[in-house]
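Engineer: The lines below spell out each chain.
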Amino acid sequence: MATRGEITADAGLAQAKTNAAYFKKLLKGGMPMGPGMGSMREIDYKGHLVTIETTYKIKIDGKPFKGELSASNDGSVHYHGIPNVAFDSAVQLVQAVIDTFPQEFGKPSKRPSHRGMGGMKMSGRAKPAAKKRSTARK
Amino acid sequence: MPVRPNIITNATARQKYVQAVLALKNQFTSGITTTSLGIPGASKPVSTWDRFVAWHSAVMGIAHSRPIFPPWHRMMLRTMELLMQQALNDTTFGLPYWDWATDGQLSHAAQLTAPIWNNNCMGNAASGPGPFTFAAFPLRIASNAAGTALVQVNRALQRTRGVGVQGIPNPSLPKKASTAASLGVVPFDNAPWNRNSTLFRNRLEGWNPPNDLHNLVHIWVGGDMLPASSPNDPVFYLNHCNVDRIWEKWMTQNGRNYLPLNTTAGAPAGQRLNDAMLSPFGASVTPAQVLNMTAIYSYDSLAV
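Chains E and C, in that order, are what the protein sequence lines are.
First residue of the first sequence? That's 158 in the numbering used here, and the numbers climb one at a time after it.
First residue of the second sequence? That's 552 in the numbering used here, and the numbers climb one at a time after it.
Mixed in with the good hints there might be a few duds.
[To be verified] Partial pick of chain E residues on the chain C-facing surface, computed with a CB cut under 10 Å: (1) Asp167; (2) Glu199; (3) Val207; (4) Glu210; (5) Thr257.
[Claimed, not checked] Quick look at which bits of chain E chain C covers, simulated, 3 or more residues with Cβ under 8 Å: (6) 170-180; (7) 218-228; (8) 234-244; (9) 249-255.
[Unchecked claim] Taking lysine-lysine pairs in the PhoX-like style, the calculated list, with each CA pair at most 20 Å apart, reads: (10) E:Lys220 with E:Lys203; (11) E:Lys185 with E:Lys223; (12) C:Lys727 with E:Lys174; (13) E:Lys185 with C:Lys595; (14) C:Lys595 with E:Lys181.
Derived from the structure by calculation, the hints contain no laboratory data.
Think of the CB as a built atom: it goes at the ideal place given N, C-alpha and C, for glycine as much as any other residue.
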């Protein structure tokens, strides 16, 4: 087995074609996080096998958010779109999504009422749901 | 043999890096188009620089939060270094690194005005873009909000520098104490071989403790350094060159060891010592083959 790799670099067309199908498939496949990185956590505690499956259903201005969130063992939340951040909560994560990609969300939508307010009408412009503050962790 | 320099202390390297970035940004030799990469919209040629953005985005789930995070980025950086050497016609050119932990010792205000952000270096994006103006360095592809695809864009490079994200406001760059502490964490990695791992790789990447070292630099720079398309920003390579330098330092102290082995029970395929890492620019290599690059390049200093 070689112990040292002579990495090569060729920006030409022939080399580009070599693995083109592989990389296009990865890009078209939604750039998944790979097996084991989903929302299934599994630990062995005092000989007991514990599995924790977490799913998120998020809407922004009524539209489903297609980012796939996953939880780590420390409770932090992660998603592929901002891949280097461990968020304390899904709420913070979605706030960061809106901050980072404002062009994809446009102006906030108006809502006639706020869920959880017993149908009570709110006056003035409704704040986006994602702006709700929460200290709850996943 | 290239010696990779500190971009702050080596003015020649700084000038050559900027020159090489702009050369590859404007190099269209592959015939690769947005259509051939599956990016929606009108078909447009993709530059060599932007092909690295697509490459990194494609392997996000393979080369991050995983054992091959250091060796895969070593392959990516060496590939970039070789293409820059070709563009500069200089086989001695070495990728510069940003010793961000030195800046991390400064106050928050001083971090914002550190030399790396001078206009003869990386510039500070919106208010002082330095070499990377919209005219000279337009962004052409970037990740979408869901993180599921690349989309075409036509805008200037963006950084928020020191602002942070929700839950991590006004962060500092990583501290010297953090880099030093990482060197004593052995062995290289452990099950479950992902963000929940507790050893060196996961510490260097910045998951344990969370939002530190490599990850914290992405967060601190912000803007286009946040999504999977972060190689859009030339700072990306300066960050990862320093990550590679810390890994090299760790190996000089702790041995050129990597885990998992191909015989390790439960080790994920594609992440083991002798599993191939594919490149769109050349032959595949394995983690084993990039553990010792001392005959290929070196650093001007391993003081981290």
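Engineer: So, for every hint listed, does it hold in this structure?
Structural biologist: Here is what the structure says about each hint:
Because the closest C-beta pair between Asp167 of chain E and chain C is about 6 Å apart, less than 10 Å, the hint holds. Residue-level restraint check for Glu199 of chain E holds (minimum Cβ-Cβ distance to chain C is 8 Å; threshold 10 Å). At a threshold of 10 Å, the smallest CB-CB gap from Val207 of chain E to chain C is about 13 Å, leaving the interface hint violated. This hint is violated: Glu210 of chain E has a C-beta 15 Å from the nearest C-beta of chain C, more than the 10 Å allowed.
Contact between Thr257 of chain E and chain C, as hinted, is supported at the beta carbon level, the nearest pair being about 5 Å apart and thus within 10 Å. Only residues whose beta carbon comes within less than 8 Å of a beta carbon in chain C count, and the region 170-180 of chain E has 8; three or more means the coverage holds. Residue count for the region 218-228 of chain E with a Cβ under 8 Å from a Cβ of chain C: 4. That meets the three needed, and the coverage hint holds. Coverage of the region 234-244 of chain E by chain C holds in this model, with 10 residues showing a Cβ closer than 8 Å to a Cβ of that chain against a need of three.
Three residues within the 8 Å Cβ limit are the bar, and the region 249-255 of chain E against chain C gives 5, so the coverage statement holds. For a cut-off of 20 Å, the pair hint linking Lys220 of chain E to Lys203 of chain E is broken: about 43 Å separates their Cα positions. Restraint check for Lys185 of chain E and Lys223 of chain E: satisfied, since their Cα atoms lie roughly 15 Å apart, inside the 20 Å limit. With a C-alpha separation of about 43 Å, the suggested pairing of Lys727 of chain C with Lys174 of chain E is violated against the 20 Å cut-off.
Among the hinted pairs, Lys185 of chain E with Lys595 of chain C is consistent with the structure: their alpha-carbon atoms are about 17 Å apart, no more than 20 Å. A hinted pair counts as satisfied when its Cα atoms are at most 20 Å apart, and Lys595 of chain C with Lys181 of chain E qualifies at roughly 16 Å.
When held up to the earlier numbered hints, the structure conflicts with 3, 4, 10, 12 and fits the remainder.
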